[in-house]
Structure formats: C-alpha cells, structure tokens
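Visitor: Residue numbers (my numbering), protein chains in the order written: chain A, 48 to 163; chain B, 1276 to 1407.
Certain hints may be false.
[Unchecked claim] Calculated pairs, DSSO-like style, for lysine-lysine (alpha carbon to alpha carbon, straight line, at most 30 Å): (1) B/K1334 <-> A/K108; (2) A/K117 <-> A/K84; (3) B/K1359 <-> B/K1334; (4) A/K108 <-> B/K1359; (5) B/K1334 <-> A/K84; (6) A/K108 <-> A/K84; (7) B/K1334 <-> B/K1362.
[Unchecked claim] Partial chain B-side listing against chain A, Cβ under 7 Å, derived: (8) L1308; (9) A1311; (10) T1324.
Derived from the structure by calculation, the hints contain no laboratory data.
No residue lacks a Cβ here, since even glycine has one placed at the ideal position from N, Cα and C.
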Amino acid sequence: MKRKGAKEGPLTTAALHILLALSESQLHGYGIMQSVKRQSEGSYRVGPGTLYANLAGLLDKGWVGETQRKMEDGSLRREYFLTSSGEQMLRAEIQRLRQIVASARRRLSKLDERDA
Amino acid sequence: MSGRGVLLFGFRHLLRLYPAGFRQRFAAEMLELAEAAEPSEWPLIFSDTSVAIARSWLKPPVASAVALAVRSDQYLSLGESAVKPLKLFQGLALATVLVLGACYISTLTVWHLPSYPDDRVCGKMPAKIAKR
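So that you can see chain B by itself, here it is in the shape it has in the complex (with noise of 0.2 Å):
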C-alpha cells in the first residue's frame, strides 16, 4: 500500500468517530476531497477533521431546545427542557444511591482514612510538632 492509500485507510477509520447521521451525509463526500487533495494539504486535513470530530461529539444537536436557548440566552423552564421530569427523578435517586453508599462505605474502615491520636480534639497539635 502506498503512502497515499495508508493515508485514506486512516481518514476513512477517523471518519467513522463522526455521529451517525453526519458520517451517513457527509463521509463519503469528505472522502473524496481528501482524495483530490495534495500531499502538502494531510496534515490539515487529519488535525482539522480530528477537532471537528470532538467538536461534534461536544455540541448539542441545533435542534434541541436546549441548544436553541443556550444561543439566545434565555432561561430554559423545566417544561421546555429536552430533559423530561422522569429522567431528571431517575438521575436523583441514582446520585441519591450513590451518596448513601459512599456514606455507609466510609463507615466501613475500608479506606483507612488518616485519624489523629487524640480524635475528641481534632484541632490540637502534637506535642512534638508543637514544642518546634
């Protein structure tokens, strides 16, 4: 394989880190750029696809009402969230879960935490560290 193919087969398995419905529209066209494309124009080609890739993953679908009232600084009320209430419950008693779990491990002695040699006075020095 040539240096060229070896370059395509990576832009061809880049592109497939795109979401779904923008890989299915544009892929195949960004494909054949990158195959018109000079050899002095890969380096652009790789770095610019791979942030426009994260980019795509990061923002929110323009269509969502979150998105459209991030872009005109509106405060978003919960009924015209994308976020349903249900799922909003759902992700509280989960957070609730884990917090109640994290407590009674804790308890547990399982993470050893440090404690000090007199536990009633936390605050207090010890007598060596004191006397320097």
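Bound conformation, chain A alone (with noise of 0.2 Å):
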C-alpha cells in the first residue's frame, strides 16, 4: 500500500525546514527564518527568495495556511500555519526519512563488521 503523500515525491530542504518550523506554531516570515536556524543548530539557513517561493508553492497545495494576526500598535501581520494535509506531508516525510536512516544504520553496521 502506498503510504499518504508517496505521490507529491520528496520533500525539498527548504520545504521540509518550513513545515518543521510551522508545526511548532504558527509564524510570519521572519519567525519562521529564525525557526529554521535554530532547528537545524545553524547548518542550513533559509533566505527571503527561497522561504517565499516555498512558501507560495506550499500554500498552493494547501500545505500551509494563512492568516492575519493584528499586532499592538494596530497594524496587519501575516502569519502561516501548518494545515493537516500539510501536516500529513510532513509526517510521511519524516516516515519516508526514517526508513532511509534505519536502512543507513544496517548498512553502516555491516560495513563496521567486516572491517572489525
């Protein structure tokens, strides 16, 4: 059986940061920037060009949502959140990533073996 979001195909980086970083809590632009740092302890950074062309892809397939959060001084900010389907992506992603690290790991353990 073909699990949920087999068809879509692999994530890209950039995709797989901002779902991560949305799943923790709905965020605007810069925030999710941010997020995307500090989940991945600064190994990869994601700059305006790419966050919004993924993120214009993302909301296209209704992975992600958006919604207008009024702030102290009365001004509009944009926020995104992350949807259920999104959601279901995400998770068939971190699936689909665990079975290559599970696969990875036998691998490796056998390579080991043989030159122990």
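Can you join these two chains into the complex? Each is in its own frame, and there are hints to help.
Guide: Rendered as structure tokens:
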C-alpha cells in the first residue's frame, strides 16, 4: 500500500524545514527564517527568496495556510500555519526519512562488522 | 542615507524584478523581513533573493499543463499543450521566413565567405601545403 503523500515525492530541504518550523506554532516570514536556523542548529539557513518561493508552493498545495494577526500598534501581520494536509505530508516525509536512516544504519553496521 | 537605508533601497528595487503576481503577493512582506534582519544576514538576503528571482522567471507557472506534465514525466500531446496550434504555425512560418531570408542573403556575397582557389575541388590541398 502506498503511504500518504508518496505521490508528491520527497520534499525539498527548504520545504521540510518550513513545515517543521510551522509544526511548532504559526509564524510570520522572519519567524520561519529564525526557526529554521534554530532547529537546524545553524547548519541550514533559508533566505527570503527561497522562503517565499517555497511558501507560495506550499500555500498553493494547501499544506500551509495564512492568517492575519493584529499587532499591538494596530498593524496587520500575515502569519502562516501548518494545515492538516501539510501535517500528513510532513509525517509521511519523516517516515520516509526514518526508513532511509534505518536502512543506512543496517548497511553501515554491516560495513563496521566487516572492517572489525 | 545610512548603510541600512541604502541596503533597503537596493533590496526594494531588487524585488521589482520579480514577476508581477509574486511581487504583489509577497514583496511587502519580504521587505518587512529585510527590515527586521540583522546586518550579518544581508549577504544571505541579497544572494538568496537574486537567485530566487532568476528561478522565478525560468520556472513555468505551476498551474500550467506543461509544468504538470514535466513534473510527472508524461508525454504531452498537442491537444493538451498550453501552446496552441495557431501559435505553433506562426512559429513555423516565422522560422521558414528567417531560414529563407538567411539563404537569400548568403547568395548576395554580403558575408564574404572563404573560398578555395579551385572551387570545383573543395577537398584539393594547395600545392605549397601538400609539399610539406
């Protein structure tokens, strides 16, 4: 049986990080940038060009939604949140990565046994 | 104008290079993001945005049939293509006119193409070179 989200193929690194960032809370653009930097411990940084190009795609697919939040000064700020289909996609992608890691561990342990 | 002001001014103009639809949707927000950014993030902001602008022009719209076909590795028949047969015919007619025009101009000695001393035998080597 095919898992959910399999037909969409693997997510790009940027899309995966954005979905992960939004799984914690709804965020505005700069918040996503900072969250991605934090969750990858500084090893992956996403710039505004990559961020908004990916957000546009994720919004079109319905994996991310947008909402307006009223700030203290009365201005409106657009924030993004993870939708239920986005969450499904994220879970499917994490499952795919788990399988890859499990397979890699098995193979590497065989190599370790051979080298020992 | 401060250094930050100059960077924001440059970034604002850089955003104008985005396709209109994307610019209207995200440019104001991207500018806000740049305003909130730390000085150390400016190289990333400029380089990343420049590459993204080039990509946005090179990438076809996601909704187009051509893009969908490319994504799923399907062969696209003429009827399904976003390019209409009339446009294809116009392209063919234009290409034909250009080729015929180039052929005609080449006959007018405008380009001064190189010629051999003996045009009847193209492959024949001049005597001086053959002696070497």
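Visitor: Look at each hint and say if it fits the structure.
Guide: Against the structure, the hints:
1. B/K1334 <-> A/K108: 17 Å, holds
2. A/K117 <-> A/K84: 26 Å, holds
3. B/K1359 <-> B/K1334: Judged against 30 Å, a Cα distance of about 20 Å means the pair holds.
4. A/K108 <-> B/K1359: Satisfied, since the Cα-Cα distance of roughly 27 Å is no more than 30 Å.
5. B/K1334 <-> A/K84: Given that 30 Å is the threshold and the Cα spacing comes to 27 Å, the pair holds.
6. A/K108 <-> A/K84: 24 Å, holds
7. B/K1334 <-> B/K1362: Holds - the C-alpha atoms of B/K1362 and B/K1334 are around 21 Å apart, at most 30 Å.
8. L1308: 5 Å, holds
9. A1311: Hint holds; B/A1311 Cβ to chain A Cβ min 5 Å, cut 7 Å.
10. T1324: 4 Å, holds
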